[in-house]
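Go ahead and model the full structure; you've got the sequences and the hints to work with.
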Amino acid sequence: MVAGLPTLTLAQVSKRLTVPGINNFWFVDKTVSTGGSITSREVAMPALKKRGIKTVIDLAGGAQSDAERAATEAAGMKYLVFPINPTTLDPAPIGPFLKAASDPANFPVFIHSGNGHRAGMALMIKRVLVDGWTIEKAGIEAAASGLIDDNPTAPVWWKFAQDYIMSHKK
Numbered sequence: 000m001v002a003g004l005p006t007l008t009l010a011q012v013s014k015r016l017t018v019p020g021i022n023n024f025w026f027v028d029k030t031v032s033t034g035g036s037i038t039s040r041e042v043a044m045p046a047l048k049k050r051g052i053k054t055v056i057d058l059a060g061g062a063q064s065d066a067e068r069a070a071t072e073a074a075g076m077k078y079l080v081f082p083i084n085p086t087t088l089d090p091a092p093i094g095p096f097l098k099a100a101s102d103p104a105n106f107p108v109f110i111h112s113g114n115g116h117r118a119g120m121a122l123m124i125k126r127v128l129v130d131g132w133t134i135e136k137a138g139i140e141a142a143a144s145g146l147i148d149d150n151p152t153a154p155v156w157w158k159f160a161q162d163y164i165m166s167h168k169k
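For the sequence shown, position 109 (counting from the first letter as 1) is numbered 108 according to numbering that gives the first Met the number 0, and the numbering increases by one without interruption.
Honestly, I wouldn't trust all of these hints.
Said to hold, decoys possible - In silico SDA-like cross-links for lysine to any residue, where the CA-CA straight-line distance does not exceed 25 Å: (1) K77 <-> G20; (2) K169 <-> P151; (3) K14 <-> P90; (4) K48 <-> R68; (5) K49 <-> M76; (6) K14 <-> N105; (7) K53 <-> S39; (8) K29 <-> V12.
Don't read these hints as lab results, they were simulated from the structure. What you are looking at is a predicted structure, and each value in this text was computed from that prediction instead of being measured.
Okay, here's the thing in structure tokens:
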């Protein structure tokens, strides 16, 4: 356990599944799944479409974004990119992400990033600021769906989420 991360005490809905072409795929609920990197667009995108995903939200961005957009759209899904840089921790992409991830027209969404940590962090922020969850409940879900404590960057994302939530909570 890393200090500051929640201990899982509530029943976990999130399930880690094997989805071809995707690292660390987590089914969270009927509106959202999270994951890490896309290792094979040619395999992953049809697999996501088959699972009913309507929108792919990429929080990593980078050089692969154009190819990922093309593969996503070729599979009949919408592609949105809101890159969150793990070095600068610029919060600017969070607002547009929250809008897209909260729009029922986009459901179900697949939110992904390099290892899935940004995806879990962003989902945690959405759960608190949009869905009205407590930080503890959202943190438990985030830990159960990608923001896990076996990675040295997890505390950074946990703190980023808490700081963003506290500065934007109404």
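25 Å Cα cutoff - pair K48, R68: holds (14 Å)
Just to be careful, I want the Cα atoms of K49 and M76 compared with a cutoff of 25 Å; is the pair within it? It holds: about 11 Å lies between the C-alpha atoms, which stays within 25 Å.
Below or equal to 25 Å on CA atoms is what counts here, so check K29 against V12. Status holds; Cα separation ~11 Å.
Starting from K169, check that the Cα of P151 is at most 25 Å away, please. This hinted pair is violated, its Cα atoms lying about 31 Å apart.
Is K53 within 25 Å of S39, Cα to Cα? Holds. K53 to S39 sits at ~18 Å (cutoff 25 Å).
Would you mind confirming whether the straight-line C-alpha gap from K77 to G20 stays at or under 25 Å? Between K77 and G20 the Cα gap is close to 18 Å, so the pair holds against 25 Å.
When you check the alpha-carbon spacing of K14 and N105, does it fall within 25 Å? holds (21 Å)
Would you mind confirming whether the straight-line C-alpha gap from K14 to P90 stays at or under 25 Å? Between K14 and P90 the Cα gap is close to 28 Å, so the pair fails against 25 Å, i.e. violated.
The structure does not agree with the numbered hints 2, 3 stated previously, though it agrees with the rest.
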